[in-house]
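Participant: One-letter residues, chain by chain:
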Amino acid sequence: MDRLESFFLKRYLKNSKRNLFRFSFVFMVLGIVLSVGILSAGLNLFQGYETNLKSLLLDSFSHISIQSAYGDMISPTELTRIKGSLADRPEIISLTASLESSLIAQTDAKIRAVNLRAYDFSEEFPYARYISEGSYDLKSKELIVGHYLAEELGLVIGDTIDLSYPRLDRITPLGIQNNHSSHTVAAIYRSGYYESDRSIVISTLEDARNLLMLSDGYSKIEIRLTDADKAALFSREYTHIIGRDYVAISWDLYAQSLLRLVAMEKWLIFIVFSFLVIIAGINVISAVSTIIIDKTREIAVLKTLGAKARSIKKIFLWQVGLIALLAVIGGQILGILLSWFVEMQSFYRLKGEVYFIDTLTADITWTNLALVFVVANLLIFACIHLPLKQIEDMQIIDIIRQRN
Amino acid sequence: MVLSAKHLKKSYIDSDQTITVLTDASLDVCSGDFICITGKSGCGKSTMLHIMGLLDAPDDGELWIGEKKVDSLSSDAPKIRNQDLGFVFQFHYLVEDLCATDNVALPLLIAGKSESEARNRANELLVHLGLGQRLKRFPNQLSGGEQQRVSLARALVNKPKIVLADEPTGNLDPLHSSEVWDMMKSLNKELNQAFVIVTHDAEADERADVVYELVDGVLIRK
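Protein sequences, first through last, are from chains A and B.
Just so it is clear: in the first sequence, position 87 is 87 by the numbering used here, and no numbers are missing.
Just so it is clear: in the second sequence, position 89 is 89 by the numbering used here, and no numbers are missing.
Chain A with its partners taken away, still in its complex shape (with noise of 0.2 angstroms):
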């Protein structure tokens, strides 16, 4: 900024009421701040259904799970095995053995297809925070259910709820033969992912190991690791380690396309909104085509006293910058208060079914915020620059010769 440009920017703000509340700049203030609180908070939103989505599909699963090559159980005797030969591995913060398979459950009215978990509960319970009522330090013929499963079987803590096994080994006349368990509601399990929180049940090693008629062993490793996204890398030396009868297999086969098509929504969202602050610019375009209007005289003046057209561009440029730069802040500080409003407000959840998780949450962050910004300020230093281009046309000589 050179001298004429900050004396008049000087002179420009200690007039800062008579100049900031034109009324051509008030409409261009209130677009920008519009446009950019809805870029802002769009982006937000989105960024934190990336974020939630992939934070519940990293807790509520493991980040590699050890399974047999052959879909064999895992012996305990293997358990201590693997569990040794991964025991100097900094980066896993848990090793759980666990039992899993699709079961039938069933309450007086209604009949479900589940998903069994079934943990040692004497070690350490992975999912212990999502318990949203009730313990989870699980009894004999106890069971933890999802909310969404109790939900939908009207179960609540201390409901009796049957499980059964259909024997494929034992199809009679009659048709398959089933094993029967019944338990009782202990826990509901609240992660928030839609899919798990409506078909998981969680019950102990010994009840699940009796249901479906297993005298030991455990049906794959849940290992949780300090970095989930090393997991890819990770489960591939973990095979070399654990031997070729089983496989290490990263969460990311099977969620990372979903976690990518979230992210390319994420970016669309951020361009079609971005077209909100082109669609400002014009608010902009119009406010500097008539402040040049109105100061025609003052750049004629200004030109005939010596000034450069870049000069007196760059003065125009830095008064209606400020404004603009004021506005995209003002834009982004809204953006942040509307996201907060969304994440705070109770009357509008996310369809769990549609979009895998039922909570709206804001991520602000400064890799967005910062995005926000430049791309927000760029486009609109752009439409402050193009009326600005007439100045370099104005020619002294027809302005002077206009007003005699």
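Honestly, the hints are just simulated from the structure, not real lab data.
There may be inaccurate statements among the hints.
[Claimed, not checked] Here are the simulated lysine-lysine pairs, DSSO-like style, with alpha carbons at most 27 angstroms apart: (1) B:K6 / B:K113; (2) B:K68 / A:K308; (3) A:K308 / A:K389; (4) A:K389 / A:K10; (5) B:K79 / A:K314; (6) A:K10 / A:K295; (7) A:K389 / B:K79; (8) B:K40 / B:K79; (9) A:K10 / B:K79; (10) B:K40 / A:K308; (11) A:K295 / A:K389; (12) A:K295 / A:K308; (13) A:K10 / B:K113; (14) B:K79 / A:K295; (15) B:K69 / A:K308; (16) A:K54 / A:K220; (17) A:K308 / B:K161; (18) B:K6 / B:K136; (19) A:K313 / B:K79; (20) B:K113 / A:K314; (21) A:K14 / B:K113; (22) B:K68 / B:K40; (23) B:K68 / A:K230; (24) A:K314 / A:K14; (25) A:K110 / A:K351.
Add chain B to chain A, keeping to what the hints say.
Facilitator: Frame of chain A, contents of chain B only:
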């Protein structure tokens, strides 16, 4: 010689008609000259002044400022207007948003002088022109005569080689008009400042060292 206009020609096209206002206008201005150009309305006096001030380009002819041949379309024209020329117009053309001091300081700021230096020099000049009590006033708070004096101060602040004034008293009553003539004349004597004034004012004959009349596009010394 501070300015020399040689054989200037200028014509305009107005509704398919070519109107020639300058056919062969020449003028030499030396330091300390106080020259008035008179003539009928529309004869081309202002055009002559605009060409001398590098605000307009002649169709033909040459313009020299000091030892340098100049051209209104050249890239250094703004610098020449800032350093070597001062302008006073019929309508004061002060910047409405700036006070008297700031208006006068503008040419110095454009020349790259610091704000404090520019304001000090502007204040000195305004005090010298009897506007010491009006430094912080905005143009709309000044009388017509005061506005024109501020405009005169702005023209002089960069110590130009020549001040070009286009009907400087054209918008003033006789009293204020006389004040402005007195002021220009005293500055001319005191600072040895060259003035070229285009005017209709009858006082021109009494005040000017030399009066030229523009007749049929040619300047004739009266």
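Participant: For this structure, which hints from the list above don't hold up?
Facilitator: When the structure is compared with the hints, numbers 1, 8, 10, 18, 22 and 23 turn out to be violated.
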